[in-house]
Every structure is written in C-alpha cells, then in structure tokens.
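Q: Here is what each chain is made of, one letter per residue.
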Amino acid sequence: MDTNELKDKIFAFVEAAKGKKKLKEKDIIKGVSADTGVDKDTVKKALREMIDVGRLMYSYGGGASSVEIPSEEYLREKGLIK
Amino acid sequence: MSKKYDTPLLDELEKGPWPSFVTEMKKAAARSEMANDELGQLEKSYRTKRGYWKHGGIVGVLGYGGGVIGRYSSLPDEFPGVAHFHTVRINQPSGWFYTTKALREICDIWDKYGSGLTNLHGSTGDLVLLGTTTENLEPLFAEYSSRGWDLGGSGSAMRTPSCCIGPARCEWANIDTLEICYQMTQKFQDELHRPAFPYKFKIKVAGCAVDCVASIARADCSIIGTWKGKIEIDQDAVQWYAKNGMDIKAEIVDMCPTACISYDGTNLSIDDDNCSRCMHCISKMTKALKPTGEKGATILIGSKAPIVVGSLMSWVIVPFMKLEPPYDELEELIRKMIEWWDDNAKPRERIGELIEARGMREFLEAIGVPPQPQQVFEPRKDPFFFWKDEDLTKE
Amino acid sequence: MALPQRQTDIGPPHYKQFLPPVIEKNYGQWKYHERIDAGTMVHVAESGDKVYTVRVASPRLLSTDTIRDMLDVADKYCDGYIRFTSRNNVEFMTADESKVEPLKKELKDRGYTIGGIGPRITNVVHTQGWVHCHSACTDASGLVKAMMDELYEYFTEKELPAKVRLALACCVNMCGAVHCSDIAVVAVHRKVPVIDHDKIKDMCEIPTTVAACPTRAISPDPAKKSIKIKDEKCMYCGNCFTVCPPIEIHNPEHDGVAIVVGGKIGSLRTGPKFSKLAIPFFYNEPPRWPKVVAAIKNILEVYAKNARKHERLGEWVERIGWERFFKLTGIEFTYQHIDDFTFMRDTLRTSAAFKW
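Protein chains in written order, with the numbering used here: chain A, 1 to 82; chain C, 1001 to 1395; chain S, 2001 to 2356.
Chain A extracted, bound-state conformation (with noise of 0.2 Å):
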C-alpha cells in the first residue's frame, strides 16, 4: 500500500473513534495493521510522520497518553495552520 493511502487509513481509523474510545499508539497500529495487512512496523513509522507534522497528536488525559486528531487550536499554536 502506497504511504499516503495508509496514512488516510490511520486518520480514518482515529477519526472512527473520535468521542468513543480514546486510542493508544498500539490500538492504531494493531487495529490498521489488521484492517490493511500492511505491517505493524510499517503502521507504526506511518504514525510516527503524522504525528511528526501534526496530523495526529499525542494526547494526555484520564492518566493515560492517547493518540488523537489535534485541534484548530493545537495547530495554529504549532504555526502548522495560521
């Protein structure tokens, strides 16, 4: 599978569940790793540039990290959207 494709697959994977269950990295790599059949290492290195640029975030909350899409806010104090 092309990067991009994968990596519209793990946004839509964490789009899914916006609201309902907040998402470990892990829960992503293993849930796209089984929906895709693309690797865990290969899922996981796909995150990790998201999440580099700022289409995903590490989230914080409940005592425990999350994985999560980030806000308008997050974006603009990150100067990724003005």
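Below, a list of computed lysine-lysine pairs in the DSS-like style, where the Cα atoms sit at most 25 Å apart:
#, chain 1, residue 1, chain 2, residue 2
1, S, K2224, A, K18
2, C, K1230, C, K1284
3, S, K2163, S, K2104
4, C, K1026, C, K1054
5, C, K1290, S, K2050
6, A, K22, S, K2228
7, C, K1187, S, K2016
8, S, K2327, S, K2291
9, A, K82, A, K7
10, C, K1054, A, K20
11, S, K2104, C, K1027
12, A, K7, A, K40
13, S, K2031, C, K1228
14, C, K1054, S, K2201
15, S, K2228, A, K20
16, C, K1336, C, K1187
17, C, K1295, C, K1230
18, S, K2201, A, K20
19, A, K45, A, K9
20, S, K2225, A, K20
21, C, K1346, S, K2225
Hints were generated in silico from the structure; no laboratory data involved.
With chain A fixed as given, assemble chains C and S onto it according to the hints.
A: Chains C and S only, in chain A's frame:
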C-alpha cells in the same frame, strides 16, 4: 514586578531556620507575573485548604507525547498569570552533576520563557521547570534542545531513568551506575518521548544494596549492584575502627543478619558463603571491608506506589547479571519485559501488577529467565500449583 | 530573533562533561570515605586524592535567583562544578582541603543550612502539593518547611541511632518514596467522592473508570450514562478522580494527613520495608500544621531514646513489637490500623506471644 498579593499565611512559612520555599516564590514573583499569581493562588489554597489546579491537559512539543505536563488554574480570571502554568521536565544528567555554566544557561532560558521557579529535582529525577505557557513551549524546546538538553518522560511512557552517584564518588559502587543510566536513557529515547506503553515504566540504577535512589521502591525496573566474591578485610583498619570507639561486637558482629562475622578482639573474619551482601558491615567499616571478585547487578521488577491495589516493592528476577558496555544484554532483557507487558496489560496497569495477575511463571518464560531460589524468600506454602503438559512429559 | 534549530531524541548531555576533575580522574577508584561533621565528608581515592563534600539543604522549590547564588559559590570554591542529591540537597565539592572552611563560612554567611550527612535527618523527599498539583489534598512544601523548622537540629547537628528518612506525599499517588520511609506523611481523603453525572458523559470512559477502582465500588449506571459508587466499599483512594475528573474526591472539610512509619529502602541488616500506619488522621492546619509536626517529633524522639545504634526506626519497632511502639509513643490504636485491604493476611497476628 511590584507586590500584588498580601500573603499573611504564607509569610508564616518564611519564619524559622529551614530554607523557605515561600522566599523562593517571592524572589521569582519579584520578576515574574506568573510567579506572582502563583503566590496569590497558593495563599488562597492556604485559606481554603484546597488546591486550584485542573487535571493536566493536552500540551507538548511537536512530535513528542511527553516531557510537558499541562497545568491550568481553575481560577484563571482571579489569577490570570497561572491560567497556563505548565511543567517542563528536562532530562537531568546522570548523578545530577552540573557545571555552573550549564546550569546558568538553563536558568537564563527559563527566566525568558517561564516563571523562574524550578524543582531541583523532581521525584523521578528530572530537572523540573514549573510554570510556562502553551505558546512558549516550542521556543523553549528549541532553546534547550539546541544546547544539548532534551525533555524527560511523562504519561504512559518510559520515564527518565535515574541513578545514584555510583563510581563517581562512592567506594561501594559495583556497577557504573552513571553510564548505565545514560546508555539506557539513550537506548530508550523513542519510548521515552512517544508514549506507547500501557502506563509508566521507570528504571533506577543503584550501585549497591544501600540503594540511594530508592530503586527497589520506586522503579518498575530496579538495577542494584552486587558482587559474587569474598569481602576483603584490612585488619589494621579494623583496629583503627576499634580504637576510634566502635564496639565491633555490638555494631558489626551482632548486627550481621546472617551471623557470618566473628571477631576475637584482634581479627575480624567473615564466612563469605553465608554472607547475603546486605552492606551493613561494609557501610559501617568502609575503610576495612571491600567486596572483591565478580561485580554485577541484581535485576528486580515491579515496584510502585499504592495505586491501584497496594504498594509493591520490586521482585528479584535476575539474581546476577554482568553489566558492561555497551549493556546490550540489559537492554534486550528490558525490551523483552516491556514487550510482554505491552502485549498483555490493561490500560494503566503497571508491570508489577500484571505479573501479579498472570503469575511469575508466565513472565519468566516470556523473558527467558529460569526459576532460581534467589527469586523468593521461601517456596510456596499451598499445595495448589499449575502444571503444564510440557512439565508432565519431562522426566 | 530567530530561534535556534530544535533537536529531538538527543537525551541528556553526557555526565562526563560535568564531573569535577578530581572525580573524573578517580572515577571508580574510590577507597573509603569519612564523615567530618554533620555536613562535611571526605572521599579518599586509591591514588591518594581526596574530595571534600559540603552538603546543604534546599527547599526543592527553587527560584533561578537562588540557583544562581549557589552557582556563584560553586564558581568561587568548586571550580565551577555543583551537584544535587536524590533527596534535594546541594553538594559543593573541592579537592582542596584549604577551601573547605572558607566554603562553609561563605555558605553560612549566605544563609545556607549545612548538614544532612550521617545518622541524622536529611532533606525530605516530597511532592508538589497545592503549589502545582490537581490531586493534592494537602500542601507539601509548607508542611515540610514546618516539620524541618522543628527538626532542624537533627539535620545540622544532633545524631540519631541511624539515619531517618522523611517523606511527604500530598495524595496517595505518592510521587515520592513515602511507602518506604522511616517517617512519612501522606495526605488522605475520608469521604466518598461526589459525581457530576452531566460531565461524565463527555469527559470519561465508563469501563476505564470502573476498572480504576481497587475495591470494585464503582459500577456502570446505564440509565444516567454514568457510574455509581457503592459507598460502603469505597476507600477514598481517588483513583477514579484521576481517570475521570468529574468524580470529585476533594473535600477540604474532611481531607487531611496520616503518618506512616518504619519503612526503609536499603537491604542493610533487614530487608527493605514498607511504612506502616502510625496515626490515621490529622486535619489540615495550614500554614504550620502544628499537631502533625508535634506528632512526628514525638515519634522521632521516642525512637532516638530507645533504639540501638544503627537500628533504623522500622528495625527498632520490629524488635520491641508494635504494641510497645504504641505504648511508648502514646499513640492510640484504632480500627484504621488493622489492615482490611491487601496486606491483611500478612499483618494479623497469628501467635499468642506479645507484650503488654
């Protein structure tokens, strides 16, 4: 900055001989609006007997999932200076040694971007910077990281490892605690900055069983230096202690937990086979007694504070491991432990709790460590035990 | 002004660049050390080199002003090197014996407290408290300050039978080794939390919240899309509050602190020990918590008077028995002292041998 709040209650804590944190807050408040409001909010807490901080929120630097703990006042209108008052954890150098130049640089950057308040150091070991705003995080990180300082861990991640002073200034160190701590920190950079674990995972490295970093109580993975050979005795030095007021029978012989020391008034002798290496005699007669032979470490697992189901101290897993650069064997062991934990734990379950839930056998098999009597105080007492098919076919 | 280029995943600087030359030269080659006084010691290397260490207290919460003041002293006497200990002390080191007394004098003149070495009280490991934590149900720095003002001479001068490690945690999350300290204070709640059902819907995951309870007091409440708490099962640990903020555990009227004693970390003589409950509750009395401070001083002094040399507080109590501890200290024994949580089997007495 002029004085903004009357703090009659906190002022009481400037009295008395012990150094006062209130004085520190006032010093910072003289230059920082944030520290000023921090002082005002704390005075209110002293009046009402409650804190005014919200749960940590979602803040950090791009790409990392830890190192910054979001902190917001629940009274931002009353105390706007602490509306954002985030904590930044800077990964300390091994053993907390600094040059004045380096620490001054840390202070200068912090005064520019934060409240001027710090903790030297936090409980896990990080150099803690108390109180900055969300928009200052990226510039602050650029300033620190470009000068060689990285963030520490937070959240469900590898936490900043720490160690005792070890071989830098202690004759009891059986292992190079500072280098082990540094190397483990470097090897687990990804796990430290990008929280992918079920919960926190702490590593602490102590050079001997005195355990000056409390690794046995405060680290998921406790690494404690030990040795296998005899204790070498300098009889002249024993006499030096005797002449300088030590009651060797009462203080050394009678306090040995394994009764392996004897003393005839001139010579001290140790039955090394019965020594449990507790460090009592060595720590009291440091000039006279010295461990010899093979040096290494005991690796223990699982300690944590009471949340959720009671406190744990770390359990012996590997009674003795040689620890020499580049420490690949140690890294590999820790990676196996983490992998098993990561595969099996529920959210917010520490590794010690998972071992308790699943049994030590499963853990030992997963990491490839055989059962050994050093792992227990005594064998099990109940006649209920598990057998696997493979045990039955083994003759 | 343009910012410098950020770097990631570099880890801490290598410690070697921060080691004083005498330390670097004799790294791993130390022979022995001697304590000179309550705040000074000398380490002697195989090479014959010596390094003198002067230890001073810090309140842990430090302004950059005070740090710079310490650095000035380190520049003047310690060739620009400084070190901190695992218990929030600051160490000034020099290889030059002639600098030791002037260093100590200057530290004293600048108002620093020298001490904490040997069989004494050293600095207190503690948490953030109201200064900086959402979970705190007491203040940490204030209570520590009040405590150490009272115990000051045990840091600067007076010897005890063995070292006594003090700690303070502002809630049971215990971000500090309170659970294995000689004498420690831990802040506790005593009332079942109050649930804000409206907020739970948006802020909390029900299964995670249910799983957070160590006593299974929490169950889902599907009708309200919330949770319910069985009051009689709740031990007020506050873990539900950690994972789900709308479950408010704080109750300033009923929150306070407990004192636990007898823990230790090292394996010397007897193994590491957990701290045990001595006094289940004191109300928060800011700014100086006089009753807590007096109770700690009482325990310390009864220990100092009765323990043998080198015996840690927990070892002393084990030798004399807890019934004697309560008698000697005059502390009342209550229902709260009897474990009805995870350590019940380990702690109930199964022997007819005891003291009166």
